[in-house]
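Participant: Each chain is listed here by its residues.
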Amino acid sequence: MSSIAEIEQGIDGLLAAPPYGGNGDVQQRRATLLALFKQELAYACEQNPRFRNYVEHWPVDYREAEEIADLPYLPVGVFKSNPPLALVAASEVKRTLTSSATTGQIPSRIVLDAATSRRMTKGVLTIVRDFIGSARRPYLVVDTPENLAAQGQLGARGAAVQALGSFATEIVSCLRPGENGDSRLDVERLLECAAKWQNSEVLVYGFTFVVWTQLVQPLQQLGLTLNLPNARILHSGGWKRLLQQAVTRDVFASGVAAVFGCATERIVDYYGMVENVGVIYPDCEHGNKHVPAFAEVIVRDPLTLKPVKVGERGLIQVCSALPTSFPGFLLLTEDTAEVMSYDTCACGRQGTSFRFAGRVPKAEVRGCGNLEHTRLRQLQTSGVV
Amino acid sequence: MSERMKDLVVTQAHVHPQQLLVDHDAVRVVDSTQEIVSAAERLREALRNDEITPSAILEIFEKWAAALSDRELHDVPGATFLRLWLRRGTLEPVLLRELGANALRGGWWEDGRARLRAFPLGVVGHWPAANVEIQPILSMTCALLGGNACLVRVPSGLVDITRRVMTKLRVADPDGLLTRRIAMVSFDHTRTELHEAMAQAVDGAMIWGGAESVSQVRRLQFPHWARILVFGPRVSVAAMDSATWGNSANRATWCKRIARDVWQFDQQACSSPQTLFLERGEGCNANEFIQDLKKAFDEENAAHPRHEIEPSLASAIALARATWLLRGEGNEAEFPSAPDWTILLGSGTDVPNPTQGRTLTVLVVDDLQEMISKFDGTTQTLGLGIADPAKEEALARAAGRSGVDRIVKLGRMHVFSSPWDGTELIRPMVRLVRYVQSQD
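So the sequences go chain by chain: U and P.
For the first sequence, this note's numbering gives the first residue as 1, with consecutive numbering after it.
For the second sequence, this note's numbering gives the first residue as 1, with consecutive numbering after it.
Among the clues, some could well be false.
Sample of chain P residues at the chain U side, in silico, Cβ under 8 Å [to be verified]: (1) Ala129; (2) Pro233; (3) Arg234.
Simulated from the structure, these hints should not be mistaken for lab results.
Beta carbons: idealized from backbone N, C-alpha and C, even for Gly.
Just chain U, same shape as in the assembly (with noise of 0.2 Å):
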């Protein structure tokens, strides 16, 4: 049995320590990972009887499991349930973050308490301050102010704005909300802050299509620069449409940093979703993605579910040590990758590093036995009966 108190220690002890390297060797990071979610994971079965039934069934007892690979993971479709999927009260919960599900599709839910809503911005930090300093700055938002300001329930792009939030001497937003529900660019104010701004670090975020479509295509068109050479420019969420607009990331790199004066190498992709709380795993200059000491990444053989060797692709299961309001320890993503080490990267960050290599693609083959609505659900949807 494993009190809360013994986990937080756990967890704490691995946020405090530096997220690439300073916590031993790989091997020993691991194991104390391991022993790490043996406890969450009994503690989630004590808090949740549900939980407890599905990690009862897994093939592998966790408790002899010498491999975090080994251990129970949950696909993360699970949190599109309603009610979210909770190891604590709802009188505990202080946010409830919702992911940015595409038109059609159920956004998935995590319900965050204080304890694991106060780590996930300690992780985030840790991990950015490890890519870009811990010195504050001003702080541009690529959104709409509604997005800062939001509380309670918390969209992607919200939860990711509000993250890098204490890096932020100012923050300003460079969107406006427009007449018809979209938003469009504020570039009277955009302008008189980078004049203001000139000569100093900047911290600039945008979801990745909304950078490229309502920042950086507006200023090309408008034939203007902001000369922000010292601006660093995070972005994160999918490349889908863009690169069906034959939009790649080296015409994205080079796009972003013509408009903002600054060299390509300021400009940072980061992977992440909400369900993996206080996790991102932004490119090194290498081109990698790298996990933090309180998390892991198993990339996995869709055909076997078993870890691929470096160089192989396959399904993404992140890890992470920091929630312990939701059972989001270990979660098998509906993403790709290609691991690239499991040990050290050029760059000098320890660990696994991997590339993501997309979604993973609806399938092609529909059978004779592919039943999108049954017939009485059919007639139910149009009206008839």
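Following the hints, complete the assembly by docking chain P onto the known chain U.
Facilitator: Using the frame of chain U, we list chain P on its own:
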């Protein structure tokens, strides 16, 4: 060996031995509407020039079946079944039942003062599903038996297999009596203009597949006279009474049958069981049954392991396991770490949304009749293991009323036969011509 086949041996000698003699022209990858229009014109020309009796077709099919027994085709899924299907002993009764006593020689038969005779509809287009390897061939043979010519769209994943099987038809039909009535084409499923060209060129269509693909093909602009025959999308279920599944002496055999039905076509066919209903019975322990089923699944998996899986299917299987168990302590499951197979055990009479990929939901019910009463026409096949014949007949009657089109023994759920999906396979693609003599 014909001169053409000798040429193939020479020109393709550099390829893998298994691919020797494969006629790559048997399925043509097309890129323009003109290629499809031209192929349809050639088929019409063949129809105008030749008349072929069903008996002659059966003779070629018989030779084709013999040619398919070559060892080089042993790895083609469904090849054994196709051999049996093409035998005169299988197809002659189907022809006689669907087209009448004189069907074999293609003659007229008496119908009161009139005479009737089956004539081909013309060019029949085939849109087979991508999940059943031999379906392009099966669909085509049905229309050929009606004397039609066939324009077949072969899904890209089935091109190689189809070419290998069709190469054997060319051996069996050296004069081209049948092969000149066949044009097989392949193109990406997103090429709407090529689908349109094909639809406009045919007099009838046999469409197989999932909801999305069937709906897509049905939206095409077929000629107003075209007859459309749709097979799928459907799901299938299995059911056993307590006397059958509770009998430990025979249980392992029944479990093997179920495993066989689940494994074929990776549980993606319309005839694949997605749910197994077990009638509750005194002294019957579902967990004991599940252990036998688990053993059968393990054995079937060892005999027929997957060599690849779509990542989306692996994700769906992981999600199905978790969703099922997270519903609560009444739900149980058995599965290995790999996505090889999954058994979900619970209770209830509703058919859950199928996951496919060898994921069988086993539900214990009080009364099998109650489960059948919930069918809404979506269920194609009901696989049964029922000890009491009277009880089974009552279930079959109820299933028929609830929209089920096939009621068969477990272990035989995929045996393709006529009727299928509640419809005949040959007759819908022929015209029955009525002839009343002018002289009394």
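Participant: Decide, hint by hint, whether the structure agrees.
Facilitator: These are the hints, each one checked on the structure:
The criterion of a C-beta within 8 Å of any C-beta in chain U is met by P/Ala129, whose closest approach is roughly 4 Å, and the hint holds. The criterion of a C-beta within 8 Å of any C-beta in chain U is met by P/Pro233, whose closest approach is roughly 5 Å, and the hint holds. Interface hint at P/Arg234: satisfied, since its Cβ lies 7 Å from the closest Cβ of chain U, which is below the 8 Å cut-off.
Violated hints: none; the structure is consistent with every hint.
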